[in-house]
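There are 2 protein chains.
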Amino acid sequence: MRFTAEVKVMLKEGISDPQGQTIERALPALGYEGVGEVRVGKRIELKLDAGDIDEARAKVEDMCNRLLANPVIESFQVEVS
Amino acid sequence: MRFTAEVKVMLKEGISDPQGQTIERALPALGYEGVGEVRVGKRIELKLDAGDIDEARAKVEDMCNRLLANPVIESFQVEVS
Numbered sequence: 001m002r003f004t005a006e007v008k009v010m011l012k013e014g015i016s017d018p019q020g021q022t023i024e025r026a027l028p029a030l031g032y033e034g035v036g037e038v039r040v041g042k043r044i045e046l047k048l049d050a051g052d053i054d055e056a057r058a059k060v061e062d063m064c065n066r067l068l069a070n071p072v073i074e075s076f077q078v079e080v081s
Numbered sequence: 001m002r003f004t005a006e007v008k009v010m011l012k013e014g015i016s017d018p019q020g021q022t023i024e025r026a027l028p029a030l031g032y033e034g035v036g037e038v039r040v041g042k043r044i045e046l047k048l049d050a051g052d053i054d055e056a057r058a059k060v061e062d063m064c065n066r067l068l069a070n071p072v073i074e075s076f077q078v079e080v081s
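For the record, the sequence lines run as chains A and B. For the first sequence, my numbering assigns the number 1 to the initial residue and increments by one for each residue that follows. For the second sequence, my numbering assigns the number 1 to the initial residue and increments by one for each residue that follows.
Among the hints, a few may not be true.
[As the list claims (entries may be wrong)] PhoX-like mimics (lysine-lysine), calculated; alpha carbons at most 25 Å apart, straight line:
| # | chain 1 | residue 1 | chain 2 | residue 2 |
| --- | --- | --- | --- | --- |
| 1 | B | LYS8 | A | LYS47 |
| 2 | A | LYS8 | B | LYS42 |
| 3 | B | LYS8 | B | LYS47 |
| 4 | B | LYS8 | A | LYS8 |
| 5 | B | LYS42 | A | LYS42 |
| 6 | B | LYS12 | A | LYS42 |
| 7 | A | LYS8 | A | LYS47 |
| 8 | B | LYS12 | A | LYS8 |
| 9 | A | LYS12 | B | LYS8 |
| 10 | A | LYS12 | A | LYS42 |
| 11 | B | LYS42 | B | LYS12 |
| 12 | B | LYS47 | A | LYS47 |
| 13 | B | LYS47 | A | LYS8 |
| 14 | A | LYS8 | A | LYS42 |
| 15 | A | LYS12 | B | LYS47 |
| 16 | A | LYS42 | B | LYS47 |
| 17 | A | LYS12 | B | LYS42 |
| 18 | A | LYS47 | B | LYS12 |
| 19 | B | LYS8 | B | LYS42 |
| 20 | B | LYS8 | A | LYS42 |
[Claimed, not checked] Distance windows between CB atoms, simulated:
| # | chain 1 | residue 1 | chain 2 | residue 2 | range |
| --- | --- | --- | --- | --- | --- |
| 21 | A | ALA58 | B | ASP52 | 24 to 30 Å |
| 22 | B | PRO18 | A | GLY51 | 29 to 35 Å |
| 23 | A | GLN77 | B | GLU55 | 24 to 30 Å |
Keep in mind that the hints were calculated from the coordinates and are not lab data. No residue lacks a Cβ here, since even glycine has one placed at the ideal position from N, Cα and C.
Start from the sequences, fold in the hints, and give me the full structure.
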């Protein structure tokens, strides 16, 4: 069966996020006040073959640990449908 | 009130996604077969002040058009809670 996976990769809490900080500093100059805690991560969509949804999820989590994310500084969430 | 927003920014269909293609080519070498249509985008989390949820959503969509996304080549989705 063919599954669709959505992977969200974000920097772990406590890891400095320069991209988010830059956006946060730029927003007031554009007239947006009261915006904070900006965090920037990755979002990956893919399709894959697997026997069932649990196998698909396990396969994608494995891919995250090995290629899609850096488990030292990033956390990831996998949604399969 | 304080709202949390999640922004998904993906390249529009038809726009070449070299990051996704690179991942797609790397996966078979790591032993993952049957994976395709890999697309890589951005995911932005932020908190903001607004009068109500509609105002919050409108404000974030406006930020996307002006700063967070490039509307020429990227599409975005905003979820506010």
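Violated hints - listed by number, lowest first: Hint check: 12, 21 fail, others pass.
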